[in-house]
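**Student:** Chain residues, written in single-letter form:
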Amino acid sequence: MLQTLKQTWFFNIRGDLLAGIVVALALIPEAIAFSIIAGVDPKVGLYASFCIAVVIAFVGGRPGMISAATGAMALLMVTLVKNHGLEYLLAATLLCGVLQIGAGYLRLGSLMRFVSRSVVTGFVNALAILIFMAQLPELTGVTWPVYAMTAAGLALIYGLPWLGGKVFPGIGVPFLVLGFALIAGSIEPRVGFMVGGIGMALFVVLARWSRNLVLPSPLICIVLLTGVSMLLGLDIRTVSDMGELPDTLPIFLWPEVPLTFETLAIIFPYAAALAVVGLLESMMTATIVDDLTDTPSDKNRECKGQGVANIASGLMGGMAGCAMIGQSIINVKSGGRGRLSALTAGVLLLLMVVFLSDWVGQIPMAALVAVMIMVSIGTFSWDSLRNLRKYPLSTNIVMLVTVVVVVFTHNLAYGVLAGVLLAALFFANKIGHYLRIDSQLEADGNLRRYQVVGQVFFSSAEKFVGGFDFREGIAQVVIDLSRAHFWDITAVAALDKVVIKFRREGTDVEVLGLNEASATIVDRFGVHDKPDAIDKLMGH
Amino acid sequence: MTQVIGCIDASRCAPAVCDYAAWASQRLSAPLTLLHVLDHRHYPVAADLSGNIGLGSRENLLQELANLDEQRSRLALEQGRGLLEAARERARTAGISEPAMRQRHGSLVDTLRELEEQIRLLVIGRQGEDSQSAADQVGSQLESVIRVMHRPVLVTPAEFRPPRSLMLAFDASATTRKGVAMLAASPLAQGLPVHLLMIGADSGENRSQLESAGKLLQESGLATTCAIRSGEIEPALHAYQAEHDIDLLVMGAYGHSRIREFLIGSTTASMLRTTRTPLLMLR
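These protein sequence lines are chains D and L, in that order.
Taking the numbering used here, the leading residue of the first sequence gets 1, the next gets one more, and so forth.
Taking the numbering used here, the leading residue of the second sequence gets 1001, the next gets one more, and so forth.
These aren't lab readings, by the way, just hints derived from the structure by calculation.
A couple of the hints might just be wrong.
[Unchecked claim] Ranges between beta-carbon positions, derived for each pair:
| id | chain 1 | residue 1 | chain 2 | residue 2 | range |
| --- | --- | --- | --- | --- | --- |
| 1 | D | Leu259 | L | Glu1070 | 41 to 47 Å |
| 2 | L | Glu1064 | D | Leu136 | 31 to 37 Å |
| 3 | L | Gln1137 | D | Arg386 | 41 to 47 Å |
| 4 | L | Glu1059 | D | Thr295 | 18 to 24 Å |
| 5 | L | His1150 | D | Asp496 | 53 to 59 Å |
| 6 | D | Ile397 | L | Arg1081 | 22 to 28 Å |
| 7 | L | Glu1059 | D | Thr409 | 26 to 32 Å |
| 8 | L | Asn1067 | D | Leu259 | 54 to 60 Å |
| 9 | D | Leu136 | L | Gln1071 | 44 to 50 Å |
| 10 | D | Trp359 | L | Arg1081 | 55 to 61 Å |
| 11 | D | Phe58 | L | Met1182 | 39 to 45 Å |
| 12 | L | Ala1201 | D | Asp298 | 47 to 53 Å |
| 13 | L | Ser1212 | D | Thr295 | 48 to 54 Å |
For every residue, glycine included, the Cβ atom is placed at its ideal position computed from N, Cα and C.
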């Protein structure tokens, strides 16, 4: 018992704890920003992130992946919150969890194999675009200090790591000290000078250690901008203007909605979309973490785990969430591999927010916007733009259609559906080209032999019929199908049509090899579990 | 179910594992395979705590991690190859003509579970690379290995002594009765004096069960001594062992549920901790 505990939880304690801290710091601004996207109080997203991260640490199927409140889910809830309010969102979150658990038991995780790579890329790009677009309301019709703050924030976020590489890695530390000094100074100038002085003195005394202390640059950006805004007393929007922050630990509460059919009719479409998008993003992220860490994961357990986590979140007053691509990458990059890192991140997130809620409320929205722009830039797959020239047109169309549909509907599920359908159509079209019909006239001129080679199904049935020359006055034709594959009923109907047409022209028709050709129609190959099944089907 | 598999790593036990595996392979006339498992989870994890995600972080990170793993795996592969070569030399000197060598990636437990079909006897050291610092500490994966295997497991100490006599701890349970039958049928014990020891009250019932088990062994040509001792199981086993200079102990492993063991402890686990001779675990 202790052995398994060690192998699943405590094999990488140091790495997991450190990564958990980094992730918790990065999660706070995101959870707040996503709550604002959904139109609920920041505490809803923060409670959700806490519940989901902690629960998934125990029940998830992919250790090392971070789940919390996400943008993809927040975008789906906007109209539900606007039209019906928070309680309906909590109910939808519960239902979403139930649906996800059902999907886990039905092993729907394996359906991910139908989602092609270009759809995944489109999903990720669309998500990035939506997160970026969600920041625009904070940047329109505002005063110039907001623009200045956002620009400064972006400069800090991207500039500090760059400077760190050029000058010394710990260059962020003095900026962080400055930020804290400004915050202290806004209350009492003398304290500010004291904090700054002590901080800088420590930095210099501990130079050997602190020069190499790399701090998350988004954190520095937030602390410094909060300090500036507090010291100057700028009249700009802060997090506390956006709604309530958590001041207690979350408590158990049942959503106050009437348990009627009308309620179900309202929340079901939202819950279904949330469940689908949540599972999609979780499965994609799980695959990414699988690749990064070169370890396998249990996808169906992850489906169920996401469901349990969402139910927990809904009962604790949180919104629905799922796995986060960006945060999971940060976690792996920071050395997190086990379940412990998600647990640490969740617990720390809540502790920091509950005990620092007064200070968190002072964070200017401009700083959050800068962080979210970074998240959106980090989420976007920039390689996909470079690959546009390299990849075939059909692949690009699938990717772009996914993006366009999502951006217009604000619903990632529709985008993925469109992408998957389109990819399937392109595939069917491509395979339909693999059909060739040759014919030879026998020496006496009364018999023509047609040889059909390739795939006959709905997409190539017309081509199949077109391959025969019905106008030829001939006594007999032989259609040799022994090297063709009939995949569906459309193909059989096309063959019937060909036979009837020939008969009407007074031609005798003999069909060879139909049994072998139509063996592929059977939905479940009767012989599929025998080792020579493939050879039998494809080799004739 | 054909091979004797010896688990080789860089620990102190490896030479003894090799010798015991060679000994068992000869007695069972089963081919010997030396196995080295490369467990990636034991590699330290690199950490970049900057918390930044920039352009193409995912692609870069994948490249970085893949490069790191590549270098480590190369080194580990080479090192493991060296260990296996040394073990093979040792097995050759012990008289095995052509010991096979295998290297697998993955966790030890999973690898052994995959190979189980081919295993007749698994030979593994009491302590692995990670746990040899303390003398009475048992290898961290040993319990998991014994629990997943449905084959006999020979757990060896760090020194090899060719077994000249063996003792079977008998408690009249279904597991040990099966153990008696297995031992009687196996060429491993042939020619060695066998002590059948029962710990408990010297009652008529115990005595008759012991006798019938002893008879089974005798019928298959093993020189068997039966004995009943009273007292605490573990010290009594050790005392008898010291008294008769027995150098191989055979016992059923983990007969009870995990919950019971959690509450009152397991005889198997404490025997693993305290023994100085090899233990043959029958599952």
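**Student:** Taking the hints in turn, state whether each one holds.
**Tutor:** Hints versus structure:
1. Restraint check, leucine 259(D) to glutamate 1070(L): a C-beta distance of roughly 57 Å breaks the suggested window 41 to 47 Å.
2. In this structure the supplied range 31 to 37 Å holds for glutamate 1064(L) paired with leucine 136(D), their Cβ-Cβ distance being about 34 Å.
3. Taken as a hint, the range 41 to 47 Å is violated for the pair glutamine 1137(L) and arginine 386(D), whose Cβ atoms sit roughly 54 Å apart.
4. At roughly 19 Å, the beta-carbon separation of glutamate 1059(L) and threonine 295(D) lies within the given 18 to 24 Å, and the hint holds.
5. A beta carbon spacing of about 57 Å between histidine 1150(L) and aspartate 496(D) agrees with the range 53 to 59 Å that was offered as a hint.
6. Between isoleucine 397(D) and arginine 1081(L), the C-beta spacing of about 50 Å breaks the proposed range 22 to 28 Å.
7. For the hinted restraint 26 to 32 Å between glutamate 1059(L) and threonine 409(D), the CB-CB distance of approximately 29 Å keeps it satisfied.
8. In this structure the hint that asparagine 1067(L) and leucine 259(D) lie 54 to 60 Å apart at CB holds, the actual value being about 56 Å.
9. Remark: the range hint 44 to 50 Å for leucine 136(D) to glutamine 1071(L) is upheld by a beta-carbon distance near 45 Å.
10. In this structure the supplied range 55 to 61 Å holds for tryptophan 359(D) paired with arginine 1081(L), their Cβ-Cβ distance being about 57 Å.
11. The hint said 39 to 45 Å for the Cβ distance between phenylalanine 58(D) and methionine 1182(L), and at roughly 41 Å that hint holds.
12. For the pair alanine 1201(L) and aspartate 298(D), the supplied restraint of 47 to 53 Å holds, since their beta-carbon distance comes to about 49 Å.
13. The given range of 48 to 54 Å is respected by serine 1212(L) and threonine 295(D), whose C-beta atoms sit roughly 51 Å from each other.
Of the numbered hints given earlier, the model fails hints 1, 3 and 6; all others are met.
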